[in-house]
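Chains as they are written, first to last, in the numbering used here: chain V, 1 to 533; chain P, 1001 to 1139.
Hints are computed from structural coordinates only; laboratory data are not their basis. From a predicted model like this one, the values you see are computed outputs, not experimental measurements. Hints may contain errors.
[As the list claims (entries may be wrong)] Looking from chain P toward chain V, a few residues come up when the C-beta cut is under 7 Å (computed):
1. A1049
2. E1051
3. P1059
Each residue gets a CB set at the ideal place from its N, CA and C atoms; glycine is no exception.
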Amino acid sequence: MAKHFVIAVGGTGMRCLESLIHLCAAGMFDDQELHILSLETDPQNGNKERADRLIDDYIALKGGEQATPTRNSFFTAKIKFYSFVTQYAKGMTNYELIRKPNWGNEDDKRQNTALADLLFDDDVLNFDLSHGYRAQTHLGSLLMYHAIVDSARRYALGIDKRPEDDALAAFLREIDGAGADVRIFVLGSIFGGTGASSIPVLPRALDAASRLVNNEQGLRNSVRFGCSLLTHYFGFAGPSDQQKEEDKIVAESANFAHNSQAALSYYDGDVTVEQWYQGRYHIGWPLPPVAQPAPTGGTVVTGGKTQKNPSHLAELLSAAAAWHFLMEPPRDTDRVIMHRSIPVDGGKPDVEAGDLVGPGAAADRLQRRLGMLYAVAMHVMRHHGSVQNLRVNLKKQQVLAYDDIPEADLKPLDSFLRRFAFAVQGDVLERGWIFEVKDSVKGFLGLDAEAFQEAALAKYGIGKLFGDERYRGSEFKGLARHANEPDTVIKTFKKTEDDARALSDAQNVQRPLERLVGHSFEVFKKLYNFDTV
Amino acid sequence: MHPFLLPALRLIYKTKADCSALNTKTIIFGLVAAVAAVGIAAIISSLIAFEGGANPRDPQKRRAWFWSVLSTALVAFFSYHQFMVLPKVAPAWMGYFLKFGMIPGTVVLLVAYLILGFLFSRVLFRSTKLSSWFPASRR
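For reference, chain V alone in the conformation it holds in the complex (with noise of 0.2 Å):
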C-alpha cells in the first residue's frame, strides 16, 4: 500500500479534485491511500462545499477511519481528507487591515506599511478577502505563504490554536511519515487567483511549516511534487459598471487568458517552481471558453455559496494527471516531455479513456471502470429507485450476504452515485459529475451518447453502453432491453453470490458494503464480458 499526496487549492481546484474523487470511485487507485489537503481562502464557496460533502460521502462509506484500501472493485482507494481555509476575519478582512502589525516597535509597523503601499494598489489592499484572491496573484501568493506558516506556527506553539492547523500539522507529519517515495500533486488553475498564488509557493510554504510541526525537519530532498497547469476554459458575463463600482477589485473572465499567459510567463523562470515541481502538467483549452449561468442583476459571483460551476473535461485531465503522477513508476530519465492532443469534432473534443491516462491497460482500465460504475448507477437509480431499495430486493431475491449493512452505511453510498451519475425527483432528473463532464465533450471514452441523453435514459438499455461487440456477454440481450435489466442484474447476482464471497480475500473487501460494492464490480464485470478490468 503506497501513500499519496493530493493539495487541491482554489474554486478550480476543487472542482478538480471532485474528478479525481470520482477516478478513486471508479477504482483507478487500487490498493492506495490517499492523503488530500483542501487549501481555500472562501470557506463559503459552493465548489469546495461540492467537493467536501463528495469526500464525505466517499470516508463515510469506506468506514471513516477504519478504512482499507481495497482493490479490483469500486471506491478502492483509502481517503483522508484534511481541510484547511484561511481565516480572513476579525479585523484581517483586507490587506489593508494586516500590513500594520500589531506587534514590533513604531519603526517596524511604518516600515511593514509602506512596503504594503509600494507593493499594492489600494483597490488591492481593500477588497474583501473572504471571497479569496481574485486574481491578484502578488497579494495571493504572499498571503498564502503566511496562511501556511503562521498555522504551522499556531500549532507548533500552542497558541491560538485553530482546527486547520491541526489539519494541516496532520497532513505534514503522514508527509514526514511515508516511505522513500513520496509525491505530492497539487490541483489548481493558474488563471484565478487562489490557486494561481498558491502554485509557486505551496512547497517553500509546506517546507517552512514542516520544520515548525515536525522538529525542524523540512520536507525531505525524495519528495516528489507535481502540479496541473490549468489555463482558462470557462468564462462568464462581466460585472456591471455599478459592481465594479462597489467592490473595485473584481475578477473578469476576459483577463484569464492574460492572466494565464503571464502565470506560464512566471513559472517559467520561477526558482521554486524549477526547483520543486518534477512534473507539470500543462492542460489548456484552445475552443472557446464554456460560458457559465449570466449573473443575476449583472452581478458578479466572486464567490460564496453560489459558486458551483458544472463539472468539466478540463477538471478530469487535471484529475487524470493527478493519477499519471501519482502512479507512473518512478523514472530513470532526468526529463520527458510528453505531450498529447484530442481530435475535435463539431466544436467539441472527442476524448477517448487513453487522452487522460495512456493508452494500453490504463485506458481499459478507466473506460471499462468508470463505464461500470455508470451502468450500476443507472441501475440503481432507474430500477430500484435507491441503494437502500436495492439491498432490499436483493434480500428478498435471498441474497442475503447483506442483510447487515447498516442503513447508516447505505446512505452515503446512494447519495454519492447520485452526485456521480444523476438522480431523479419526480419528472425532474438531477446531472451528476459524468453528466456534466460529458455536457463539455462530444464522445467521451467511447462510451454510447445516448446512455447521456436524459429523454433516452428512462428506456435506455445499458447492455448497449460499451459500443464494441467484445463487451456483449451471454446477457446482452436481457442488458439490451430496458424492461429485462432488473431480471438479468439480479439473476446475475444471485449466480455470482458464491463467486463474490470467495473473491472478498482478493478484493480485500471486510465491511459488508464493500462487500456489496465488490459483488456489483463482479456482476457488470461478467455482464459485459470483460476478462480483466
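Chain V is already provided as a structure; the job is to place chain P on it using the hints.
What follows is chain P alone, placed relative to chain V:
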C-alpha cells in the same frame, strides 16, 4: 400397468392381492406426480422475471405458484383416484385401497413435493429464482 391406462367402469381389482399391487402403484404414482409437479412449479417460477422498484412482487408470485401447483396436484391426484380408480375396485376392498393406497399416495405426493421443493429452494438451486419458495432469513 397403472389404472390411468385402463378402460373406465370395469371392475379390475377384485382380490386383496390386486389391491395390494394397486396400493404400491398408487404410492409410486404419488411420488412421480410430486416430481412432475415440482418440475412444473419450477418452470413457472423461472418464467417470472425478477422485478426492480421499491416493492417487487415477484417472490410472492413464485411462492403463490408453488403452493398453487401443490394444491392442484393434490386435488387432481385425489380426484383422479376417487372418480377414475376407486370405481374399479371391488366394494369389499374399497376401504382397504382408500386406507393403504389413496391416502398414503396423496401424503407421499404432499411430503415428496415439500421435501423436493425445500431441497430445490434451499440447497440445489438456491442461486436461482426457486429460492423464493422457501425464503431464508439468513444464510
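Identify every previously stated hint that the structure contradicts and give their numbers, smallest first. none
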